[in-house]
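Number of protein chains: 2
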Amino acid sequence: MGGTDQGRATRRSPATPNDTDGKENGGGVTRNLPSDAVINLDHGDPTMYEPFWRKLGDKCTIVIKGYEHLSYFSSNKNPCWFLEPKLEDSIRSLHGAVGNAETDGYTIVVGTGSSQLLQSVLYAVSPPDQPNPMNVVSAAPYYSCYPETADIVRSGVYKWAGDAHGFDKDGPYIEFVTSPNNPNGVIRGPVVNRDGGIVVHDLAYYWPQYTPITSSLDFDIMLFTASKCTGHAGSRIGWALVKDKDIAKRMVNFMTVTSIGVSKESQLRVAKILQVVADGCKRFGSPDGDNLFEFGRNMMAKRWEILRETVKKTQMFTLPKYPLQHCNYFGDLTQAHPGFAWIKCNDGMEDCEEVFKGSKILVRSGRRFGSDPGYARVSMMSKDDEFNGFIDRLSSMI
Amino acid sequence: MGGTDQGRATRRSPATPNDTDGKENGGGVTRNLPSDAVINLDHGDPTMYEPFWRKLGDKCTIVIKGYEHLSYFSSNKNPCWFLEPKLEDSIRSLHGAVGNAETDGYTIVVGTGSSQLLQSVLYAVSPPDQPNPMNVVSAAPYYSCYPETADIVRSGVYKWAGDAHGFDKDGPYIEFVTSPNNPNGVIRGPVVNRDGGIVVHDLAYYWPQYTPITSSLDFDIMLFTASKCTGHAGSRIGWALVKDKDIAKRMVNFMTVTSIGVSKESQLRVAKILQVVADGCKRFGSPDGDNLFEFGRNMMAKRWEILRETVKKTQMFTLPKYPLQHCNYFGDLTQAHPGFAWIKCNDGMEDCEEVFKGSKILVRSGRRFGSDPGYARVSMMSKDDEFNGFIDRLSSMI
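From first to last, the protein sequence lines are chains A and B. For the first sequence, UniProt numbering assigns the number 1 to the initial residue and increments by one for each residue that follows. For the second sequence, UniProt numbering assigns the number 1 to the initial residue and increments by one for each residue that follows.
Any given hint could be a false lead.
The list treats identical chains as interchangeable, and a pair is accepted whether it falls inside one copy or across any two copies.
Only pairs whose alpha carbons sit at most 25 Å apart, straight line, appear in this in silico SDA-like list of lysine to any residue [what the hints assert, rightly or not]:
1) 65 <-> 287
2) 360 <-> 81
3) 357 <-> 75
4) 65 <-> 275
5) 302 <-> 322
The hints are simulated quantities; they were obtained by calculation from the structure and are not laboratory data.
Turn these sequences into a full structure, and let the hints steer you where they fit.
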């Protein structure tokens, strides 16, 4: 969920499927984007991976015939009865290849994006018969969609209780830990640390293109999503790695009642894609160039470099700094290149969102993340022409 | 939702993808099904259409490349921003060809099955700031999943209030009208009929293979699902036809928060399938045999005939009778052949579910539908070998 982000009120400006031509960002060159077009970097639509997938050609093409996959059921052995066995295999294979999370002994629960998983976790860990709802917290700046995810139907079982830093209520609680954090890319741990707390680790961005992989995580409940790992946001596939079998069962029950499972077509496509990523990511510097994480880190590193240079020139903004850390996956010292830039407007500019709006750039106000309107979150995962347009306009703010 | 039915506690016995060989049910011949196998007719997995789709060969095959449909967004014009334009076209085309529902002037909202749509309707029509939750009712016997759909997270905005027949509370309410009804196949209208009531028409089975199409419906909120229309339950695609634009917008908001849209792959596949159905259903008695509704009605009629004969012999059970009505689609007098048989156990057998369990047939107790345990619901939409096994065991009960 820290990763599954979108724009409801606004939408990206029209773009044809061909407006990213396979070249990496050359820096500052705006193509196909009128100078008065609105650039929507409010949501986190991860379209930047398109050139990579084009390059792979038919390697990830799926073909499904009319008579295939009619049934609701995928497996009669798995507690997650709607999980396609091939998707389960690919997920385990990918985490093994990257080394970012343990999967042995975990039950895998698939969801319609990690949004649905997040709700299913809230349901699964909250006792159904308690008099008062469980408090749900996350440390500010927190992912902007957590509050409405928890409160949309005013559940009597759980409710949003705000910033984890100021949380002082008694009793059990649920803490979302987004790491790396959306919006600010920081590696995080829980902050409440009290008995009776249930910690849910939202790891949408714990992949090598965004952050150094420093260990293979083994938390009780870990959420991932294809959207931010491979860029296939339209497929709506997320997965949870869950240690406690009873919690996994209750999550499955939630999915059963609320959507009777998850699209078979999406599961099968993502299964194929994750397997190609898992296979390709063992090759480094290959002339084939089929390592998604190399492609992604190179692109993100270049974009961050350009952004940092531009911000330095304008002297209007401040960007977070990230420590150099050893990445077990790449085997080198590297720093984070988060999917979002968490930008602080310098003195005198109180509403950072408005500052960008003046240049027809839509970003998300710090206010939405339980933080200061002097901050804004800007997507770094757009197509080249949108990123380049953003940099051009930023430069002209000087 | 009346249609999107499944088995959580139990699952169908293992069956290979090839265990339906393309022949229609010949009556009473059990193939590939061990005599001691559990036959699960508790859920409504509509696998009976597989032979039809096999016959069509590659006509409905979809091919999706790795770089296609990455984005969350499908359209920047439609209020339902995640609805694939091709799916919208196919839905309008199919309703036009069948004549079962109006679509002009309606907003189409796509959901992950009609389960998700049903929840989104509850959210969309309930005022968010009222002190007490809206009452949700449906006339018994009602679809067994309505109560848990309404109550799963103990919403403060809406809550299940039981059988519409006995509903006497003041204030606004929501009434689900399932027509034809799940479990009993009866055509229904609302029963409360008071000011301030919002009626949601769940029309999962209002297709010509199940019931005579007597008019093109134009209710305010109508729900359909691919699962029961074409048998593609695994795709999890439902759609709502909604007259009020504000209600449609609130439904879209619910989908956005709870799953950030709906699988693109499933939408594109179902778009293709519905278009093939819409085209084929204009041909009657064609040697190609590409009219799904002809295939479906023939199969259902044959199964109902066999069931009625068998039940008559046993003298242990009673089946509902359906009136002959003119079907505008087929242009003939016909009776309903519902997707479920609503079976009453005759005198002396108080628990109908248990009676079937004695023969290793899993069915759903009338109790689950707010009705009498002397009734049980049995799926008529299984594969041939399961249906035939059911008939064999029923015969041997004499």
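_Under the constraints set out in the numbered hints, which ones does this structure not fulfil?_
none
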